[in-house]
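Novice: All chains, full assembly: derive it from the sequences and hints.
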Amino acid sequence: VVTGIVQEFEFGMNWGAYSRLVGNVFGAPLAMEGLGAFFLESTFLGLWLFGWDKLPRRVHLLTIWAVTLGTALSALFIMAANSWMQHPVGYIMVNGKPQLNDIWALFTNPVFVWGYAKVLFAALVTGAAVMLAVSAWQLRHRGDQAVFTRSARLALVILVPAILFTMLIGDELGVIEPGTSR
Amino acid sequence: VDLWDGNEVWLIVRGVAFEYRGKRDRERWRRTWDTLLTAGSVLAPLVIGIALGDLLHWTHVTASTAFFLNPVELLAVLAAIAAVWLVYDRRDGFAFAATTVTMAACIVSIFTGLYPNVMVSSTSKAYNLTVYNTASGPYSLKILTIVVIIFLPAVLAYQVWTYYIFRRRVSADDFRPASPGDGDSLRRDLHV
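Protein chains in written order, with the numbering used here: chain A, 1 to 182; chain S, 1 to 192.
Treat the hints as calculated values from the structure; they're not laboratory data.
Every residue gets a Cβ at the ideal spot worked out from N, C-alpha and C, and that includes glycine.
Incorrect hints may have been included.
For each label pair, taking beta carbons as the anchor points, the in silico distance ranges come out as [what the hints assert, rightly or not]:
1. A:Val157 x S:Val131: 49 to 57 Å
2. S:Arg31 x A:Val2: 40 to 48 Å
3. S:Val42 x A:Leu61: 18 to 26 Å
4. A:Met85 x S:Trp161: 45 to 53 Å
5. S:Arg91 x A:Ile92: 55 to 63 Å
6. S:Ser41 x A:Ile163: 41 to 49 Å
7. A:Met85 x S:Arg168: 17 to 25 Å
8. S:Arg91 x A:Ala136: 52 to 60 Å
9. A:Gly12 x S:Ala39: 23 to 31 Å
10. A:Asn14 x S:Leu152: 54 to 62 Å
11. S:Ser41 x A:Ala136: 49 to 57 Å
12. S:Arg31 x A:Ala136: 30 to 38 Å
13. S:Val42 x A:Asn14: 45 to 53 Å
Specialist: Laid out in structure tokens, this is it:
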């Protein structure tokens, strides 16, 4: 949530010339990200962090799933914007500036479809690796055996296939991405 | 814009302070984050105020308009006074409503006052940012209107819900040891 704030401002300050040129296309997914994902993520993170004593247990669990949904949606819109940079689609040039004319093309952009899948699996790899590392440290330092055996097992079950899929999807992305080849 | 970006520092300090404060059980660590949290919370609205004031600085106010408040501005002033009075009267709900009205009225009056400009240039009128030269193309605007119609009610709904959940004032009694992240809650989450 916090790193996102920094990036929004970098678009304006570090990459102002870029934003002025492509704002018409690039702004659309960013605006969607702000409204559809950023608010969802940050609001429910607050509810999850501070709502333990105020929410029923199942509702509290739902709030972290809402954060997860918000994060995944956030990645979706950001990757759509980024994929347009790698492989521009769905626009026409008006007075030397690209102007959006097909939003659907942004979300069916092959670079986006594969790139987004890769980001999701890479996120699972990162999360599972951190969870496994914490569990391993706890098991070695005589933490709660029952809890951390279970969390280590869960992390491994996610980690191994996630690594495999990240590699396979990454390979596919490398094949389709313009200017790169196997 | 520099000012605005500087303000981000305080928003970010404030954002991470919530989380980092509880990370180490050291008196100095906690005190430091408490100080930074307070500083961030005080400075963020102050700098936002300066930034918004700056937006209006380059617009020319004529003597005839300077002394008369338009209805929206009058509403902002009255709501602010009402908020202070309601806080002293310990009517938290109404005080909250009054500050909400103050903020909404300020934003409305600033941008209706600037219209059709969005940001007035300090050097030349030719560089003013207006609603016409900053708007996206019609197609983008149509798409975003649909997106707003879909998402805005949902955002408003869960924001209202959040405020409702956290409606009580926080007091020292609220801090019991059990909170998410400790061993017990992790155990419950994993059903072991």
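Novice: Now, for every hint given, state plainly whether the structure supports it.
Specialist: Verification of the hints:
no. : hint                            : in the structure
1   : A:Val157 x S:Val131: 49 to 57 Å : 53 Å, holds
2   : S:Arg31 x A:Val2: 40 to 48 Å    : 22 Å, violated
3   : S:Val42 x A:Leu61: 18 to 26 Å   : 35 Å, violated
4   : A:Met85 x S:Trp161: 45 to 53 Å  : 36 Å, violated
5   : S:Arg91 x A:Ile92: 55 to 63 Å   : 57 Å, holds
6   : S:Ser41 x A:Ile163: 41 to 49 Å  : 42 Å, holds
7   : A:Met85 x S:Arg168: 17 to 25 Å  : 46 Å, violated
8   : S:Arg91 x A:Ala136: 52 to 60 Å  : 54 Å, holds
9   : A:Gly12 x S:Ala39: 23 to 31 Å   : 25 Å, holds
10  : A:Asn14 x S:Leu152: 54 to 62 Å  : 30 Å, violated
11  : S:Ser41 x A:Ala136: 49 to 57 Å  : 39 Å, violated
12  : S:Arg31 x A:Ala136: 30 to 38 Å  : 33 Å, holds
13  : S:Val42 x A:Asn14: 45 to 53 Å   : 28 Å, violated
In summary, the numbered hints that this structure violates are 2, 3, 4, 7, 10, 11 and 13.
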